[in-house]
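Asks: The sequence shown begins at 1 in my numbering and counts up one residue at a time.
Hints listed in this document are in silico derivations from the structure and should not be mistaken for laboratory results. Treat the hints with care, since some could be wrong.
What the hints assert, rightly or not - Taking lysine-lysine pairs in the DSS-like style, the calculated list, with each CA pair at most 27 Å apart, reads:
id : residue 1 : residue 2
1  : Lys-231   : Lys-19
2  : Lys-478   : Lys-351
3  : Lys-478   : Lys-458
4  : Lys-325   : Lys-112
5  : Lys-19    : Lys-112
6  : Lys-140   : Lys-252
7  : Lys-231   : Lys-252
8  : Lys-128   : Lys-140
9  : Lys-252   : Lys-265
10 : Lys-458   : Lys-140
11 : Lys-265   : Lys-140
12 : Lys-265   : Lys-213
13 : Lys-140   : Lys-19
14 : Lys-325   : Lys-369
15 : Lys-19    : Lys-265
16 : Lys-112   : Lys-11
17 : Lys-369   : Lys-327
18 : Lys-112   : Lys-128
19 : Lys-213   : Lys-19
20 : Lys-458   : Lys-265
21 : Lys-252   : Lys-458
22 : Lys-325   : Lys-351
23 : Lys-140   : Lys-325
Claimed, not checked - Pair by pair, the computed Cβ-Cβ distance ranges are:
id : residue 1 : residue 2 : range
24 : Glu-123   : Gln-312   : 53 to 59 Å
25 : Ala-223   : Val-198   : 25 to 31 Å
26 : Glu-22    : Gly-388   : 21 to 27 Å
27 : Pro-82    : Glu-22    : 20 to 26 Å
28 : Ser-379   : Leu-246   : 52 to 58 Å
29 : Gln-345   : Lys-478   : 19 to 25 Å
30 : Asp-106   : Gly-144   : 35 to 41 Å
31 : Ser-379   : Val-418   : 54 to 60 Å
32 : Ala-156   : Trp-76    : 28 to 34 Å
33 : Glu-22    : Arg-186   : 15 to 21 Å
34 : Ala-216   : Val-418   : 54 to 60 Å
Built from N, CA and C at the ideal position, the CB exists for glycine as well.
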Amino acid sequence: MLAATESRTLKIEVPLQPKQRELLRLVEEAPESVIGYGGSRGGAKSHGTRAVMLIRRFAYPGTAGLLFRRTFNDLWENHLQPLFRQYPFMRAWYNTQHRELTIPTDPPSLIKFGYAEHQGDIEEFQGKQYADIYVDEATKLTQGEIEFLRTCNRWAGDSPIVPKMILTMNPGGVGHAYIRRIFIDRQYHERERAEDFVFLQAYGWDNVEWASKALAEDGLTEADYYGWPDKQRFMYFIERSEYGSLLDAMPKQLRIGHLMGRWDKFSGMVFDEFDPAVHLIEAMDHRGLRLVGGLDHGDTGVTSMGVVGIDQSENVFVLAEYYQKNKLISEHAVAMRELLDEFSQGHVSGKRGQEAFDYGVIDPSTDSKTLQGQHALYSVLDEYRRQGLTMFRAGHRAEIGIGINLIREHLRVNPNHVHPLLQTRGSPSLFIVASRCPNLIREMQALQSEVTENARLKYTGDDHAVDWLRYILMTRPKRADRTPEDLAALTNQERFAVQAHAKWAQRFGKAQSSGSWF
Numbered sequence: 001m002l003a004a005t006e007s008r009t010l011k012i013e014v015p016l017q018p019k020q021r022e023l024l025r026l027v028e029e030a031p032e033s034v035i036g037y038g039g040s041r042g043g044a045k046s047h048g049t050r051a052v053m054l055i056r057r058f059a060y061p062g063t064a065g066l067l068f069r070r071t072f073n074d075l076w077e078n079h080l081q082p083l084f085r086q087y088p089f090m091r092a093w094y095n096t097q098h099r100e101l102t103i104p105t106d107p108p109s110l111i112k113f114g115y116a117e118h119q120g121d122i123e124e125f126q127g128k129q130y131a132d133i134y135v136d137e138a139t140k141l142t143q144g145e146i147e148f149l150r151t152c153n154r155w156a157g158d159s160p161i162v163p164k165m166i167l168t169m170n171p172g173g174v175g176h177a178y179i180r181r182i183f184i185d186r187q188y189h190e191r192e193r194a195e196d197f198v199f200l201q202a203y204g205w206d207n208v209e210w211a212s213k214a215l216a217e218d219g220l221t222e223a224d225y226y227g228w229p230d231k232q233r234f235m236y237f238i239e240r241s242e243y244g245s246l247l248d249a250m251p252k253q254l255r256i257g258h259l260m261g262r263w264d265k266f267s268g269m270v271f272d273e274f275d276p277a278v279h280l281i282e283a284m285d286h287r288g289l290r291l292v293g294g295l296d297h298g299d300t301g302v303t304s305m306g307v308v309g310i311d312q313s314e315n316v317f318v319l320a321e322y323y324q325k326n327k328l329i330s331e332h333a334v335a336m337r338e339l340l341d342e343f344s345q346g347h348v349s350g351k352r353g354q355e356a357f358d359y360g361v362i363d364p365s366t367d368s369k370t371l372q373g374q375h376a377l378y379s380v381l382d383e384y385r386r387q388g389l390t391m392f393r394a395g396h397r398a399e400i401g402i403g404i405n406l407i408r409e410h411l412r413v414n415p416n417h418v419h420p421l422l423q424t425r426g427s428p429s430l431f432i433v434a435s436r437c438p439n440l441i442r443e444m445q446a447l448q449s450e451v452t453e454n455a456r457l458k459y460t461g462d463d464h465a466v467d468w469l470r471y472i473l474m475t476r477p478k479r480a481d482r483t484p485e486d487l488a489a490l491t492n493q494e495r496f497a498v499q500a501h502a503k504w505a506q507r508f509g510k511a512q513s514s515g516s517w518f
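Required output: the full structure, derived from the provided sequences and hints.
Replies: Next comes the structure, spelled out in structure tokens:
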């Protein structure tokens, strides 16, 4: 399929596949100003954005557009070289020093090829204006960098053009959580508006070029290919194209993101055991659970607290979260005490507030003493205690990796474990009340890991709620006590086993102490 575009002296044809035509339609007609275009690999996203950029510069003479990649090598290999192969005469239009392509419309249009390889390079675009900004592989940019570029997406000239931004991407990367939030989950913060964002899913089987050789061998045409249902094109892609077969043969963790373009599973995901269908629950009766609290303090960022309950089978239920920033400790403490009061109501212990909780554990860095006055050493932990929250610091010797592994162990489906709600075998031991813990869920879905050059594991992404969850699990909280009603419902054999276990624990068990590893 071709889109013809022309100036007074030149006419060129720009080939567009059906999904790329839909992209052009969104840019020209949709009210949304930011268009997400991505998913699996091989969907011809780079060609699509470059083609739309060319069409728009010819259609709106005198306007400028920015085609952006993380590095110049990416720009050269994925955009400039393919552009010059397709249109060799455009080399004469390209200014190497300024990385600009001047299109001889009347007045001339311009395409700027931009990149920002190092921290701070993005600021070179401050004060610039571009009618269109197309960021290729946007998940390689941070949220702040994308939002900064968006401030340049404006046009003050006489052209009737409506400025648009396209973000193309694959799952994973430093910007994954932000891209997923605004396009996939459609969750918006502060001044963000849902009506500004629209998403177009791309798949490898959208791109007929991968299957062109097989189509020729089978006596089929491009029109035949695009006339098939989506499922038929998918099967042809993975069975008859070399690239599709390669993606299909990838390990499961890679295949989900690279081939299927799913945003909940991708390479580098820390909690790949997490499955919303398995681990999220609507509600949980907390009254018979053993309650524990966890707190992660942020001096300049988010402060988060969680309420966790443990049942008699050592299942862990994350019941609620507190997640706020830019507040005084006294303000945080008021809201946290209210949360503790809420979950103490009706508790089997008959106690109120913190008294209904076994204990609360806090970020170990809060115990660092800071000189607050001439004769006093004072810590963040001290201030929380002054505000009525009794917390104990998490152990200094506990590394992040240990806590992350504990969370993953609780997420793992144990084939012999009985599900606490369904009473069926095959269950994890960690459950999250979805409506009360949106930020914990978001963090668990987005946290990533990578191996650094010195062979150390590095975690990237928000982890405020994840931190208090690992603090809690690393204290090895006890299971809930059995009530008289519970004991009465047991068979004689089960009751004997419970009594025997209690006697063993009384004789050989060891209470938590300041010298414990946690």
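Asks: Check each numbered hint against the structure and report the violated ones by number, ascending.
Replies: Hints 3, 4, 12, 22, 26 and 31 are the ones this structure does not satisfy, whereas the remaining hints hold.
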